[in-house]
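Chain by chain, the residues:
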Amino acid sequence: MRLGLLLGGGLFVLGLLSLFVGVIPLQPVDLLRDPAAWELLRDSRVPRTLAVVITGGALAVCGALLQSMVRNRFVEPMTTGTGQGAALGILFATWAAPEAGLLTKMAVASTTALLASVGFLLIIQRLPPTQPLLIPLVGLIYGGVLGAGVTFIAYQGDLIQYIDVWMNGEFSGVLRGRYELLWVAAFVAVLTYMAADQFAILGLGRTASINLGLNYEQVMIVGLLAISVVTALVVVTVGAIPFLGLVVPNIVARYAGDNLRRTLPLIASGGAALVLASDVIGRLLRHPFEIPVGTVMGILGAVIFLWLLYRPRSHAL
Amino acid sequence: MISIRNVTYDIAGKPVLCDVSLDLPRHGVTALIGPNGAGKSTLLSLVARLMPLQSGGIDIDGQDITTCDTGALARVLSILPQIQDAAPRLTVSDLVAFGRYPHSRGRLTAEDHRIVDNSLDAFRLSDMRNRALETLSGGQRQNALLAMIFAQGTDYLLLDEPLNNLDIAAARGLMTQLRTLADEQQRSIVIVLHDINYALAYADHLVVMTEGRVAATGSPKEVISQDLINRIYRTDAAVIAIGDRRLVDVGP
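Chains as they are written, first to last, in this note's numbering: chain Y, 35 to 351; chain G, 648 to 899.
In case anyone wonders, no lab produced these hints; they're calculated from the structure. Check each hint, because a few of them may be wrong.
Claimed, not checked - Pairwise CB distance ranges, derived in the manner of DEER restraints: (1) Gly43(Y) - Cys715(G): 46 to 52 Å; (2) Thr756(G) - Leu155(Y): 34 to 40 Å; (3) Leu39(Y) - Ala769(G): 35 to 41 Å; (4) Leu39(Y) - Ser773(G): 53 to 59 Å; (5) Ala141(Y) - Asp814(G): 57 to 63 Å.
Said to hold, decoys possible - Covered stretches of chain G, going by a simulated chain Y footprint (3 or more residues, C-beta under 8 Å): (6) 675 to 682; (7) 691 to 699; (8) 736 to 743; (9) 747 to 758.
Using N, Cα and C, we set each Cβ at its ideal position, and we do this for glycine too.
Chain G on its own, in the form it takes in the complex:
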């Protein structure tokens, strides 16, 4: 379990997070949703120790992230990085093999190689394992990075808006894959999503944030309501119920 206690965070004097206390459950897919500027990405960055905490505390499975060894933490928790245009000239399999760095410190064992191969298979990258990263499309590059953090073998995987720039087939493929990871390997996935419908369709838990605070938490069915959409997103999109599922109709 990731427990966030009284976290407040200011950027340039403006509060981005205001006294957030929140438990992100172990196992399953947890989606962070909310309007732009709600503090979702900041919260994720703080959990992943990308930025130092200003106040409050974050524990992962009872370990305080500020005192825990960063190398040890990399075996428990991973965050999907983004590679900008200046990608290093690495092959896809080189990149995925770096996912084993927290375990093997660069000296890969037979077991590490097996995990890397599995990961390349799982993300359908085996055919392009010797391709240079810089020759891949944005979507393929993100896929290679996903394979890297998959090979990292952490219980917790954090993803910040991974569906940006993916077409519907790729987006559904990725969400299905994350579901499989959660269901078959009992991994815990925390994902920031913009499209509420993806969150409703694939997540076990929703955390709705607005203006630096947590507005609601719970299962998609419990949390999403017409009232919430109106109140949090300040828009009048309709929430439709289809059997057990909920859907947000974006039409006028």
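With the rest of the complex left out, here is chain Y:
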């Protein structure tokens, strides 16, 4: 409960900060006397803040879902093939049908992201269960191979400059009219919360899931679908943000456990807060230039994570 209040409060403060930090100076008092200030807020600052919040929340939720599904704490979709699969899809769509609309590219990216995730699941099923660390390692290699495929095809098709946009997420390009697809990701993430118990039960393993009357394969497919759609939407609109889905669910699990019905809201707000903090810091450090959100987040997340790991803790949750 305390963690929830802390995250909620932090998110609110960061959200306000995000509205008033940027290249063009904007102060709360400007809103009272300058109509252009409202336009700036409406066209740039509000969309950017919302995009950050949705991306952070949805990616963190996807990380938690995948970790429960494969019963391994060290995986997350952006680095284990789903993100690279999405990039492969957009690349293919851009190359094969440059005139196609955003929705078509989106659909292709979601499909390839799903195929890549299914591939990951099929590969790790063959790994020995006594070696849990093999799963994230194989995942990283698998993601790396797919990523290399993306680069190769982009090189052949003269599309290298696009890759950077998809593979390194950042929010400086977010404007009104350019981020709205992310609402679909928010919607999907909220939908998965309806099935929070089912995903938590998956974490107990196949036998326990079937024993409790879960249609195991069906829930796995629904989970993969949700993860793939969210990942593809994020890659298409703002670009990949690696490790977010890894750090946030692990931090929340250390405090509040793995009962997803209780923890998914914490994970979502934690993810949103971390990306928002990183984005605001990235905007401030070299003002008026920006540092990509992924870079700041990597440092911030690693510091928080290390502190949590080396802090003594109790037996209870």
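Based on these hints, arrange chain G on the given structure of chain Y.
Same frame as chain Y, but now just chain G:
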């Protein structure tokens, strides 16, 4: 009643079960015994729909398990799962509350909470209800899982070698508890056991399996004989009669 009809099951081309037909009675404790590789665990997994049937059929109280809704089946039959080292960070009471999932789909009623509390009491877990699963010993963890399937409230409970890794006090405690469940709540318990003496002491019915077939069924007294031990287990341990009880002497 669980009725198994002409079930044959191959794993990698090798027959594990050969045309098994068997009725597991309602009420009481039924023990599946037999040497390693006899197909006991496979049979249990098939009954619990953990693996798809290859041929034959299994009915539970007249309902075919292949056509019955898996959610509905979870209110009739439960199987004790095992949690490996990567246990999720759940509290004991969270885990036991998942036992009510087939009934409440995650929205626990006052009645569900009462059942969960009863179950925690019955397995002496009330003191550690807020402990994280990963901090429990193997035996305690299994106890928490037992409390979960107990809370599930099914008529049939399937257990695959639950006495592994339990000391004698814990093993006897568990078997006594299962007896109580069968006697006082008319539950039906099907349990795979390695130690014949536990089966002889606590079960109402024995099913002896060997090489994928059922070798004998009946009450412990009827089934266990010197000849059976020699023939099925290929060992010369002596069967001792003490009054009405039978005991297998494992000494040389």
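Against the structure, the hints:
At about 49 Å, the CB distance of Gly43(Y) to Cys715(G) agrees with the hint of 46 to 52 Å. The supplied range of 34 to 40 Å is met by Thr756(G) and Leu155(Y), whose beta-carbon atoms lie about 35 Å from each other. Distance hint for Leu39(Y) and Ala769(G): a CB-CB separation of about 37 Å, consistent with the stated range 35 to 41 Å. Range check, Leu39(Y) to Ser773(G): Cβ separation about 30 Å, and the 53 to 59 Å hint is violated.
Remark: the range hint 57 to 63 Å for Ala141(Y) to Asp814(G) is upheld by a beta-carbon distance near 59 Å. Counting residues of the stretch 675 to 682 of chain G whose C-beta sits closer than 8 Å to any C-beta of chain Y gives 0, which falls short of three, so the coverage hint is violated. With 3 residues bearing a CB less than 8 Å from a CB of chain Y, the stretch 691 to 699 of chain G meets the requirement of three and the coverage assertion stands. By the rule of at least three residues with a Cβ nearer than 8 Å to a Cβ of chain Y, the coverage given for the stretch 736 to 743 of chain G holds, with 5 such residues.
Restraint check on the stretch 747 to 758 of chain G versus chain Y: 4 residues with Cβ-Cβ distances below 8 Å, three needed, restraint holds.
Hint compliance for this structure: hints 4 and 6 are not met, and every other hint is.
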